[in-house]
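Asks: Sequence:
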Amino acid sequence: MKLSIQQDSATEVAWFRDPADTWFGAEVIRLPRWSEQLLSPLDLEVADIRIAFLDHLPDVDADCPSPSWLCLLPASSEQEPRVVVEAALEAWRRSPSFRAPGPSPEAYLVAGYQALCPPHPPCAPGPGMRDSLMEFLRDRSGVLGRLGRESDDSVNRLVRLFWRTPDDFADEILRARIRDAGGRGSLQLVEFLEAAEIAPETPEHAILARERDALLARLSTLAYFTQPSDYDRAAALALDWRDRYLRAYRLHYRTVMAAAHEMVLDTATAARALPELEALNLTGSPVGADAALRLRRALERLGCLPEGIDEQSAQTAGIVLGQMPPDLAEARLAAAAVLAALEVHARRRARPGRAHSRS
0 MKLSIQQDSA TEVAWFRDPA DTWFGAEVIR LPRWSEQLLS PLDLEVADIR
50 IAFLDHLPDV DADCPSPSWL CLLPASSEQE PRVVVEAALE AWRRSPSFRA
100 PGPSPEAYLV AGYQALCPPH PPCAPGPGMR DSLMEFLRDR SGVLGRLGRE
150 SDDSVNRLVR LFWRTPDDFA DEILRARIRD AGGRGSLQLV EFLEAAEIAP
200 ETPEHAILAR ERDALLARLS TLAYFTQPSD YDRAAALALD WRDRYLRAYR
250 LHYRTVMAAA HEMVLDTATA ARALPELEAL NLTGSPVGAD AALRLRRALE
300 RLGCLPEGID EQSAQTAGIV LGQMPPDLAE ARLAAAAVLA ALEVHARRRA
350 RPGRAHSRS
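So the sequence shown is residues 0 to 358, counted in numbering that gives the first Met the number 0.
Computed Cβ-Cβ distance ranges for the label pairs, DEER-style:
| hint | residue 1 | residue 2 | range |
| --- | --- | --- | --- |
| 1 | E134 | G101 | 25 to 31 Å |
| 2 | S65 | V142 | 27 to 33 Å |
| 3 | S65 | A213 | 50 to 56 Å |
Simulated from the structure, these hints should not be mistaken for lab results. Beta carbons are placed, not taken as given, at the ideal position from N, Cα and C, and that holds for glycine.
Take these sequences, add in the hints, and give me the full structure.
Replies: Here you go:
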């Protein structure tokens with residue numbers, strides 16, 4: 000266990016490394032006794048668990064909620080590292096932010112350091128690797144800049160927290176270098192292609208889908224530095240692809256909007272009957288309440304669709320090219336269930352001598 004103070008914060012953090020070489024952080028609090036303060040939400044960008052050293056532990060029978068990420072220890076145990084480590088590991092295994100075994104921090108640092116090298120050959124890792132990488136990161140914005148200003152132990156934790164693999168970390172650094180080189184427009188074009196999802200079951204868009212995949216393979220962040228001529232050619236083709244995609248997307252979106260308007264009309268009877276169904280459910284055995292909620296929500300979402308597409312984005316309101324929004328089918332099914340529920344209530348009322356009671 001190693002103790003340090005988070006930079007730019009009054010939070011004291013203890014750093015731990017589990018048997019799988021995964022680093023995690025524990026916010027450390029010292030108090031005389033139990034306090035509701037201990038239940039305040041963790042800042043998961045700073046720590047994964049909370050260790051509270053208390054002068055007086057609560058009684059076993061006391062009503063003191065203990066979230067899985069909270070570890071209560073007597074103040075005297077702070078002088079017993081083994082006790083603290085064992086308790087921290089137990090809380091870490093229970094913590095919602097537990098990270099399964101994965102690449103080591105060293106693998107992330109090597110990948111990040113080597114991302115500084117293209118178009119030159121990969122840099123051989125050496126003693127100054129971490130310092131060189133942190134110097135590159137220090138003055139940047141966002142998470143990359145934060146890494147450059149954190150302690151080594153904090154960096155060991157954060158690389159696993161923010162990037163799934165070392166390659167993802169390296170890609171983020173290459174993107175930063177591309178922005179430095181004036182390639183922000185190229186990155187925005189690639190991000191458009193990445194977001195331009197195409198439903199696989201639509202043969203009329205199969206060519207667009209294949210071209211998109213081929214272009215993304217040529218427009219990698221590494222290719223920007225190692226194959227600049229081919230990257231520029233692929234970027235020119237991607238501009239044409241974007242125009243063709245947007246033409247197809249406009250047509251599809253108009254189809255979606257027409258279907259949404261038609262669905263609102265088709266389900267109008269059920270929608271108008273919702274207050275009646277809710278009133279009946281208050282006086283008798285409820286039926287169709289879930290369908291009523293589903294219908295309301297589906298129609299609300301369909302009603303919120305913008306009339307036109309966002310020309311700067313690959314998708315508008317989450318609509319995928321070649322795919323109708325699931326709210327259309329949801330509204331149809333829910334409306335049928337609402338009308339069926341009304342029929343159930345009508346049959347109940349038609350039975351002479353039957354009292355209605357809530358179930």
